[in-house]
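Undergrad: Read off the chains here:
2 protein chains.
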Amino acid sequence: MAFRLTILGTSSALPTSDRYPTAHVLNVHERLFLIDCGEGTQMQMRRWKIRFGKINHIFISHLHGDHFFGVYPLLSTYNLMGRKTPLHLYAPAPAEAMIARHLADFDINLGYELTVHTVAGRSMKSILDDRRVEVFSFPLKHRIPSYGYLFREKTPDRNMIREKIEEFGLTVEEIGMARKGKDIIREGGEIIPFIDVTLVPRQTVSYAFCSDTGWFRKLSSYVTGVDLLYHEATFGDDNEALALKTRHSTARHAATVAHDAGVKRLLLGHFSARYRSTAQLEEEARQVFPETEAAREGITYEIGG
Amino acid sequence: MAFRLTILGTSSALPTSDRYPTAHVLNVHERLFLIDCGEGTQMQMRRWKIRFGKINHIFISHLHGDHFFGVYPLLSTYNLMGRKTPLHLYAPAPAEAMIARHLADFDINLGYELTVHTVAGRSMKSILDDRRVEVFSFPLKHRIPSYGYLFREKTPDRNMIREKIEEFGLTVEEIGMARKGKDIIREGGEIIPFIDVTLVPRQTVSYAFCSDTGWFRKLSSYVTGVDLLYHEATFGDDNEALALKTRHSTARHAATVAHDAGVKRLLLGHFSARYRSTAQLEEEARQVFPETEAAREGITYEIGG
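From first to last, the protein sequence lines are chains A and B.
Offset between the first sequence (1-based) and our numbering: plus 119.
Offset between the second sequence (1-based) and our numbering: plus 119.
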């Protein structure tokens, strides 16, 4: 099973010669979820061999350009590629109106169905629920409405105890029931408890994305216990005042969220161009939460498994 | 003196792993002119060490995304960099309205003055006239209004014949007059013809940009005799029907314009992603106009001089 994250951009608003604006690709069992889409995302997708056709869902945290400017060109590229598969885009208002106006301005007729889902609200919400993964949005605190996203793998089926299949002469249908955690009830009243023929499934895997946001106490409750937390760390301790003023986080803030939430690993990103090296940010975060790493363009992180 | 062109992008609408959308930087005596601004232009500017602060004029051929999507992020980056110098952008309508709406949508207050000049009309027009260069727009033929740009160096001052300065005891003021091509008239009526103390200046240099456009007879008259002609060559002979249908040019069309206009050199660009190599396009163009080269990202072409 795949549950892995590829980082396409780690810069904040000002890209540098080696950092692109925010874009993440989460691969859940070969279905790709694009999270934020700054300028140049499609070039980064080509560079890091992300398969365009496997993306059917795009999640936008907020409508600042460094998280959004890549959307228009990507929509256009999909059109030129002859895309037919519906595409879903999740973003705060007024994304839907903006995109509609943009398509009109540039006289673009999409050859595929684009559905813009408005992300809103002051609490955690399930916004996508499919067979393998459930996606939640939760509010962040930034200068404009901004949302984090939590991707939680659905509980997989239980594992069969191989010998039991023969012992009980289980049919395909009965195996399916047991793996779903349902007791098998045969004609004549015989009951085979699922617990006798299956083992607990492996643990589910989860990933949370938090950018852009200032620190606030409640944030950790949204991302409790996730396997990998990505959290913006625009600044270091030396610019904490600026972080508070601009509603961004320091690396230490990010680590505090990770610590309070009891996550397994923390990934920092959205670095201000003033930090040519991220060593300082990693170091400050690790004082609070040792399992911290600074994200880098093109690196793929295996989550759980 | 500098009069040189750096190519930042050679792709048509669909970028590839090694081709970016259209953007050219023309350096005229260390003043930079940006021509078209597709997605990722600012990253390419960083990569190829173009000095952001030296650009005060941006020329947009037409409002298709692959020539324009880099404008919004660049305006934003200038703002973040604390730009104060006024910026001039030349583009067909409705660029001004679109940019105004964009800035409102993203709640961006520019800290510098942005003037959007609307390029229009069915004939050649002088749109910028400064001390060193004059810029002209001329209409192309594409699916939407599209304009080419001609950059023509102004005639430089005449060169002094060094010995004549002493011989006639010329003052600074008199030298200035003679270099401008004016006879020196002294008190008492003595006339020193400028022709006696100066030599003809070197030839002026010119560059013309034509993209996107289908072929039309009159185009060559707009770019007569330029030192370097950049002309789109989206397709080869094998896709001439598609070129006609989409109002693009083949490499042979571009070469025909170069030939008819009697230019010195032709640079091809705006290549369809279907041509992984540009050898075919170069070859087809050279059959008509031998002094042809396919543009490449990051290459700087010295013009004239």
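You may find that some hints are simply not true.
As the list claims (entries may be wrong) - Some chain A residues flagged as far from chain B (calculated, every beta-carbon gap over 12 Å):
id, residue
1, P134
2, P140
3, R150
4, V291
5, E293
6, E309
7, V407
As the list claims (entries may be wrong) - Covered stretches of chain B, going by a simulated chain A footprint (3 or more residues, C-beta under 8 Å):
id, segment
8, 124-137
9, 179-191
10, 217-225
Simulated from the structure, these hints should not be mistaken for laboratory data.
Nothing here was measured: the structure is a model prediction, and the numbers come from that model.
C-beta: ideal position from N, C-alpha, C; glycine also.
Undergrad: Each hint needs a verdict: does it hold in this structure or not?
TA: Now the hints, each set against the structure:
no.: 1; hint: P134; result: 6 Å, violated
no.: 2; hint: P140; result: 8 Å, violated
no.: 3; hint: R150; result: 23 Å, holds
no.: 4; hint: V291; result: 45 Å, holds
no.: 5; hint: E293; result: 50 Å, holds
no.: 6; hint: E309; result: 61 Å, holds
no.: 7; hint: V407; result: 29 Å, holds
no.: 8; hint: 124-137; result: holds (count 5)
no.: 9; hint: 179-191; result: holds (count 7)
no.: 10; hint: 217-225; result: holds (count 4)
Violation of the numbered hints given earlier is confined to hints 1, 2; the remaining hints are satisfied by the structure.
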